[in-house]
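J.: Going line by line, the protein sequences match chains A and B. Numbering follows numbering that gives the first Met the number 0, with no gaps: position 88 of the first sequence is 87. Numbering follows numbering that gives the first Met the number 0, with no gaps: position 30 of the second sequence is 29.
Because the hints were derived from the structure by calculation, they are not lab data. There's no promise every hint is true.
Said to hold, decoys possible - In silico EDC-like cross-links for lysine to aspartate or glutamate, where the CA-CA straight-line distance does not exceed 20 Å:
1. A:K152 with A:E197
2. A:K218 with A:E197
3. B:K99 with A:D178
4. A:K191 with A:E117
5. A:K152 with A:E129
6. B:K99 with A:E197
7. A:K152 with B:D92
8. A:K191 with A:E236
9. B:K99 with A:E117
10. B:K99 with B:E195
11. A:K218 with A:D19
12. A:K152 with A:D142
What the hints assert, rightly or not - Some chain A residues flagged as far from chain B (calculated, every beta-carbon gap over 10 Å):
13. N39
14. S80
15. V82
16. A84
17. N107
18. E109
19. R145
What the hints assert, rightly or not - Just some of the chain A residues that point at chain B, by a computed CB distance under 10 Å:
20. A32
21. L37
22. F125
23. L343
24. P350
25. L352
26. G354
27. L357
A virtual CB, placed ideally from N, CA and C, is assigned to each residue, including glycine.
Each chain, written out:
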Amino acid sequence: MTAALDTAPVLVRMHEVGKDYPQVARPSDRLRAMARLLRNAPHRDPITVLDGVSLEIRPGESLGVIGENGAGKSTLLKILSGVLAPTRGTVHVGASIGALLELGAGFNPELSGRDNIEMAGPLMGFSARELAARMDEIVEFADIGRWIEEPVKHYSSGMVVRLGFALVAARRPQLLITDEVLAVGDEAFQRKCIRWIEEYLAGGGTLMLVSHSMFHVQKLCRRALWLDHGRQRGYGEVYEVTQQYLAFQERRIAAQEETATVTRSGQEFEVRDLALNGATQQTALSIEAGSALELRIDVRSRDGRIPALAIGIVRADGTAVYGFTSTMDAALPHRLDTDTWQFLVRFDALPLLPGGYLARAHAMDSEELRLFDTMERGFAVRGSTRELGMVRLSHEWLTGA
Amino acid sequence: MTLRVSTQEVALLRHFTVRALRQRFEGTLTGLGWAVAQPLVMLAVYSLMFVTVLQARLPPAVDLAFVPFLAVGLWPWTAFAESLVQGTTSIQDNAALLSKVALPRAVLVLSRVAAAFALHGLGFLLILMALAAFGQPLKWQGVPLALGIFALMGIAAAGLALALAAIQVFVRDLAQVTGQLLTAWFFLTPIFYAREMLPARFQPLLDANPMTAFVEALRWSLFGVGTPSMGWLALLWFPLAALAIGAFVFRRLSRHFEDFL
């Protein structure tokens with residue numbers, strides 16, 4: 000599959016694309032900016048909104064673009080659709096592009112729907128003959144009845160979208176660009192649109208989707224691009240990138256909330272080390288969903304008493320998933336030297352769903368009365384499932400096979 | 000702006016020109032009928048005003064009645080001036096469209112110029128027919144030449160409009176200034192008066208204004224008044240220079256329109 004794709008001609012190739020905006024606070028700045036542009040000089044003190052973005056889209060290969068608001072997603076789409084010129088880098092587009100971004104943008108409010116279809120033809124790249132042949136199909140798809148003969152200014156926003164979508168659908172572009180899956184129009188029409196998009200994809204169409212919904216991105220796209228402050232943070236297989244993104248977001252939210260953790264109070268017991276599957280380095284461990292996770296915790300006991308241990312698994316945003324203590328299970332550490340004790344605990348077939356998580360170890364006195372020291376380490380769970388939530392609950396369907 | 004023009008660009012130019020013309024007449028009852036009626040009504044008003052009321056006379060050196068003299072300069076000038084006024088704001092007016100749809104931007108400017116020249120060109124032809132019908136002798140073999148001069152005027156207007164439209168995106172005051180400057184330019188061009196009506200020492204100054212050549216060449220081709228001079232080289236250099244400047248400015252600035260609109 001991938002081998003076949005790699006040899007296919009590239010529909011879109013972007014190389015190290017960047018976009019700067021000039022700072023124009025006062026009208027005189029505009030005049031100065033114009034003078035610079037006429038001399039072919041770059042903007043002074045530009046604001047960089049996109050930098051170093053490279054991507055390739057091959058036929059039939061759908062790409063999801065994810066990132067927070069202001070990450071440069073719409074700037075990227077505008078550059079791709081040719082509305083914006085990039086400041087740096089090269090853009091090659093070898094396909095007809097249909098954008099479901101601004102449906103009805105080119106409509107003239109004074110003209111009737113039918114006249115607008117005729118007028119929009121050249122904008123959409125239709126020849127007069129093609130358009131005449133497709134007219135009935137477009138009118139039927141839009142399905143707005145006698146309104147088609149009324150001026151567009153009397154249309155509801157839903158009707159404008161219907162007409163706009165009908166035009167794009169009739170065009171059958173090689174690359175379809177869309178924002179959040181259409182949130183306008185009535186439900187019946189939305190279903191019609193989504194059905195059309197699915198048929199389009201099944202028929203070998205190529206999609207570029209910008210969405211905040213990882214569910215939609217994972218459902219419709221095979222590859223994903225993660226933009227963060229105008230830079231490319233991740234690009235590749237969709238599950239890999241969306242999970243990196245989710246883990247990053249969770250960590251960021253957790254950092255903002257800064258949960259009050261008890262640390263080194265008294266230091267009668269101190270967590271010296273926490274290793275996940277033998278790894279103690281700062282870079283987060285990444286494991287496959289459903290594989291085993293082994294925790295090794297070294298605790299120093301100041302006066303030689305046997306410590307107890309609490310272990311917590313939390314999501315990167317701090318949501319508790321599971322917690323237990325060594326005394327619950329009557330588990331004991333083994334002694335490494337005079338004042339250091341080691342706990343080993345293993346999860347077979349960890350049922351966590353893909354995402355970012357933290358393992359926390361808390362040292363306690365053997366009576367489990369006081370919490371002394373805490374150490375945590377992040378790890379990521381990889382996988383390509385579309386299940387939702389944090390944990391796989393084993394289940395069985397009692398109906399059908 | 001490359002000189003290669005794709006079929007899509009031609010289709011878009013036609014699309015926007017038709018759209019500009021339609022916008023002007025839609026909602027009006029008579030539609031295109033108004034486009035026909037307006038020049039004829041204006042011609043009637045001018046002849047009443049200048050001939051009957053003001054009793055305007057041309058100097059004996061110009062062997063022509065006042066109304067045909069005026070009409071032949073006024074209609075092309077109207078097309079020229081209207082192109083510049085409407086062309087100046089053409090990019091700004093379409094900001095919403097440009098931020099959403101990728102299209103060759105020059106088309107938006109050129110379509111307004113084309114619409115103005117199509118409309119007033121039609122008016123111009125109607126005027127000529129009306130004048131002939133009222134007994135004004137006309138060099139019919141000069142009509143193709145006159146249309147050629149009219150077309151050169153269109154090229155000049157296109158070049159200037161491209162530059163003005165691009166600059167208007169950056170400097171919003173331009174649209175106000177364009178109207179004022181055009182009024183001044185109108186009176187500096189011998190449309191309402193003949194070169195011979197100026198004091199002799201000012202007459203050569205008229206040749207510094209390239210539009211003089213267009214108006215005088217039109218009168219010469221249609222009525223045989225005046226004599227060709229070196230100043231008429233403006234018929235060639237002015238459209239070429241305007242187009243070169245317009246294309247340069249537009250090409251440099253158009254990539255950045257979105258940042259400033």
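J.: Against each hint, give a clear statement of whether it holds in the structure.
T.: Quick rundown of the hints versus the structure:
{"no.": "1", "hint": "A:K152 with A:E197", "result": "violated (31 Å)"}
{"no.": "2", "hint": "A:K218 with A:E197", "result": "holds (11 Å)"}
{"no.": "3", "hint": "B:K99 with A:D178", "result": "holds (13 Å)"}
{"no.": "4", "hint": "A:K191 with A:E117", "result": "violated (23 Å)"}
{"no.": "5", "hint": "A:K152 with A:E129", "result": "violated (26 Å)"}
{"no.": "6", "hint": "B:K99 with A:E197", "result": "violated (25 Å)"}
{"no.": "7", "hint": "A:K152 with B:D92", "result": "holds (18 Å)"}
{"no.": "8", "hint": "A:K191 with A:E236", "result": "violated (29 Å)"}
{"no.": "9", "hint": "B:K99 with A:E117", "result": "holds (19 Å)"}
{"no.": "10", "hint": "B:K99 with B:E195", "result": "violated (54 Å)"}
{"no.": "11", "hint": "A:K218 with A:D19", "result": "violated (33 Å)"}
{"no.": "12", "hint": "A:K152 with A:D142", "result": "holds (17 Å)"}
{"no.": "13", "hint": "N39", "result": "violated (7 Å)"}
{"no.": "14", "hint": "S80", "result": "violated (5 Å)"}
{"no.": "15", "hint": "V82", "result": "violated (5 Å)"}
{"no.": "16", "hint": "A84", "result": "violated (4 Å)"}
{"no.": "17", "hint": "N107", "result": "violated (7 Å)"}
{"no.": "18", "hint": "E109", "result": "violated (5 Å)"}
{"no.": "19", "hint": "R145", "result": "holds (20 Å)"}
{"no.": "20", "hint": "A32", "result": "holds (7 Å)"}
{"no.": "21", "hint": "L37", "result": "holds (5 Å)"}
{"no.": "22", "hint": "F125", "result": "holds (9 Å)"}
{"no.": "23", "hint": "L343", "result": "violated (60 Å)"}
{"no.": "24", "hint": "P350", "result": "violated (47 Å)"}
{"no.": "25", "hint": "L352", "result": "violated (39 Å)"}
{"no.": "26", "hint": "G354", "result": "violated (36 Å)"}
{"no.": "27", "hint": "L357", "result": "violated (43 Å)"}
Violated hints, listed in ascending order, are 1, 4, 5, 6, 8, 10, 11, 13, 14, 15, 16, 17, 18, 23, 24, 25, 26, 27; each of the other numbered hints is respected by the structure.
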